[in-house]
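If you want the building blocks of each chain, they are given just below.
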Amino acid sequence: MIDIASNPYKADFPLLAGKPEIAFLDSGATAQRPACALDAQRRFYETMNANPLRGLYSLSVEATEAIAQVREQIARLLGAVDERGRATARDIVFTRNASESLNLVAKSFAPCVLEPGDEVAITIMEHHSNLIPWQQACRAAGATLVYLYPEQDGAITDKEIAAKVGPRTKIVAAGHVSNVMGVENPIAKLAEAVHAQGGYLVVDGAQSVPHMAVDVRALGADFYVFSAHKALGPMGIGVLWGRHELLEQMPPMLTGGEMIDSVTEQDAVWAPVPEKFEAGTQDAAGIYATGVALTYLTETVGYEAVAEREAALIAYAMERMAELPYVDIIGPAEAARHHGVISFNVRGIHPHDVASILDMSGVCIRAGHHCAQPLLTWLGVENLACCRASLAFYNDKSDVDRFVDGLATVWSTFNA
Amino acid sequence: MGNLYTSTTFMEHNSHPDYKYEMDSPTHEHDGINPSCGDELTLQLRVEDGVIEEASFTGHGCAISQASADIMAELITGETVEEAKRLSGLFLAMIRGDELTEEDYEDLDEAAQLKDISHMPARVKCAELAWRTLDGML
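Chains as they are written, first to last, in the working numbering: chain F, -9 to 406; chain B, 10 to 147.
Looking at chain F on its own, in the form it has when it is part of the complex:
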């Protein structure tokens, strides 16, 4: 049995340790960072700073090496290995965030395969980052964007997949875990369905990599993206993994320095994957710190402990929320199906008022449309908005207690 009252992790996070008055329940928007990741950023500039790739001197080689190691670490983390178990580091592309990674696929890969009359299928639960790029790609190609709708509990059924993924489907794009409903989508089934039609699967892992082990091969993904900042790393680092032969056929989205092999007055030859997609100087310190943050997440803490602790926290939070008859939870009733995320509304009270009143007692939650307006429209949620508490392993029982006690205060403020 996990002891959620004690918190062995808080001391590793300077912001949490330094602000005990805060109950941070917005990790779905961005995580807090452990000291080791913050120190790493500084260490890069203090001990190995040089422009990676360019220099021939050893300091630059060291910087280049540091980036290469993180590439390999991330490939391994995502299960991107070849038949002999070697990490396929060259298939890891660094971007600024998951949004940019998805844009790269939609703007560069989609035009290679989409023809007029084709379909791109996404779920109605997608974050705008995995929705608007597909609207744009479909518009440009004369393709149609179709939506997979879940049941009220967030489950996408086999029947819905069979109905929406058909002969015209070229691309399916889906979040691994929904940032609003908190549910895990049936990625492997989507992969099977779209591959049977000769199409491709793009997976948005922004809400999964912080919480669970990912294996792109077992999932059957053709592209997988995530943001470092939701997984304890710095803001400004995104990752795109893609199947090598697909990355090969994609043109670069940005051009310029460090992404070429040779340049003449009128022409240029692209560098190989992944450098082809990484024009200009990368945030090398950020990438280095991302590696350290992910090591902390997956080794110091470990996904097993993360999952166990988060499940216990979610279960406790939902049990306590169930005591409040005026709180309506969005998504599945079973705590086990909420991966770090609980969205809800307090009956008759605008989510922004809920968040403002919780803020007065230091409880940080998100309120609004969560960059998922089509989902909230489909759910028929009043005001097109809801509240969201999102947890991480560094939270504890007292955070949840303050949150739920705060909800009672919200209610009494409006119903005195």
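Because the hints were derived from the structure by calculation, they are not lab data. Since the structure is predicted, the reported quantities are computational estimates derived from the model, not experimental observations. From the three backbone atoms N, C-alpha and C, an ideal C-beta is built for every residue, glycine too. You may find that some hints are simply not true.
Not everything, but these chain B residues come out facing chain F in the computed CB check (under 7 Å) [what the hints assert, rightly or not]:
no.: 1; residue: C46
no.: 2; residue: G68
no.: 3; residue: C71
no.: 4; residue: A72
no.: 5; residue: Y114
Starting from the structure of chain F, add chain B where the hints point.
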């Protein structure tokens, strides 16, 4: 900021707004929206001889946007258009964090309660919605 939600008069404007209704024959009507919040508001005025004889609003949103709209409608009813413009200018300046004179605060009456919103940037747009809508139509 804490006191707004605990202020009975303020919360009363949210739960029992006197000026939230559709007017029969408005001379002016204007929509205001706050896309990030989903607050939507339609402001209606009946202006006769340069005087706002009647003001009302419809729509939905958070307590701050609703109460602020009700307080505004009450404040500008019976005022000249010129005075309403001056009051909305004062309110918007106050919300942006400007210090007003004692007299100005008195003129804003109940609306002066929203002063503390200036310390809460995330809610400024909610408080401003009705006033910006008024500003846009006059």
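Which earlier hints can't be squared with this structure? 2, 5
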